[in-house]
Amino acid sequence: MNHAMPNEKCSCPKCCARLVQVANPKIREEVKFVPAKLRLIEHHQVVYKCLEYHLKISKAPMPRSLISHSKTGSPSIVAHIAAMKYVYKVPCYRQEAMWKLRGLPLTRQQMSKWLIDVFNNQLSPLYDLLLKELKRQRFLHVDETPYNFGFRKSQHLLLGCYKLKI
Numbered sequence: 001m002n003h004a005m006p007n008e009k010c011s012c013p014k015c016c017a018r019l020v021q022v023a024n025p026k027i028r029e030e031v032k033f034v035p036a037k038l039r040l041i042e043h044h045q046v047v048y049k050c051l052e053y054h055l056k057i058s059k060a061p062m063p064r065s066l067i068s069h070s071k072t073g074s075p076s077i078v079a080h081i082a083a084m085k086y087v088y089k090v091p092c093y094r095q096e097a098m099w100k101l102r103g104l105p106l107t108r109q110q111m112s113k114w115l116i117d118v119f120n121n122q123l124s125p126l127y128d129l130l131l132k133e134l135k136r137q138r139f140l141h142v143d144e145t146p147y148n149f150g151f152r153k154s155q156h157l158l159l160g161c162y163k164l165k166i
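Residue numbering for the sequence shown follows full-length UniProt numbering, beginning at 1 and increasing consecutively.
One thing to keep in mind: the hints can contain errors.
[To be verified] Heads up, simulated DSSO-like pairs for lysine-lysine below, C-alpha to C-alpha not over 27 Å straight-line:
1. 113 to 89
2. 89 to 100
3. 32 to 85
4. 49 to 59
5. 85 to 113
6. 32 to 89
7. 89 to 37
8. 71 to 113
9. 71 to 37
10. 85 to 71
11. 85 to 37
12. 37 to 100
13. 71 to 59
14. 26 to 9
15. 100 to 32
16. 100 to 71
17. 71 to 89
18. 100 to 113
19. 37 to 113
20. 85 to 100
21. 14 to 26
In case anyone wonders, no lab produced these hints; they're calculated from the structure.
Throw the hints in and build the complete structure from the sequences for me.
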C-alpha cells in the first residue's frame, strides 16, 4: 500500500515550489488477519459426442468429489473439520454451532460420517503402509500420555492406542 501526498498538496507551504522526493519511502509492515470465507465453486463438465456415429459420448475429465453427492463435503471443509477436531480438540457439536454461524449448517452426524468415510476410504493406503512399517520394527516406542476426552477428570484415555494380534 503506497502513501504519497496528492499533487495539490505536494508544494512548499512558504514558496509554493513543487516538492521532490528525496529519500526512499519509509516502510512499515503489519500483519492483517483475513477471516475464513466460504466460496461455492461450480465444476462444469462438458459432454461431447460424434455427430457421425452418435454412439459414443465423451466427457471432459473432472476431479472426483471427496464425498459423493455432497457439495459441502469438499476436501477443504473436511480437512478443516479434521484439523479442528484432532489438532485443536474442538468436538463436532461445537463445530456444528461454528459452521452455522458461518452460514453453512452442517450437523455433527454429517461431520462424523465424513471423517469416518474419508479415513476409511481415502487414508486406508497410508494406514496400511504405516501398519506394515510398524510390524517390521523389532521395538516400538509408545507415548502413553493420557488424554482427557472431556469425560470426568479422573477418566483418561490413550489416544491412538494400537494392539497387534499375536
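Quick rundown of the hints versus the structure:
no., hint, verdict
1, 113 to 89, "18 Å, holds"
2, 89 to 100, "19 Å, holds"
3, 32 to 85, "26 Å, holds"
4, 49 to 59, "9 Å, holds"
5, 85 to 113, "13 Å, holds"
6, 32 to 89, "26 Å, holds"
7, 89 to 37, "22 Å, holds"
8, 71 to 113, "15 Å, holds"
9, 71 to 37, "16 Å, holds"
10, 85 to 71, "21 Å, holds"
11, 85 to 37, "19 Å, holds"
12, 37 to 100, "13 Å, holds"
13, 71 to 59, "20 Å, holds"
14, 26 to 9, "19 Å, holds"
15, 100 to 32, "25 Å, holds"
16, 100 to 71, "16 Å, holds"
17, 71 to 89, "25 Å, holds"
18, 100 to 113, "18 Å, holds"
19, 37 to 113, "24 Å, holds"
20, 85 to 100, "16 Å, holds"
21, 14 to 26, "25 Å, holds"
Of the numbered hints stated above, none is contradicted by the structure.
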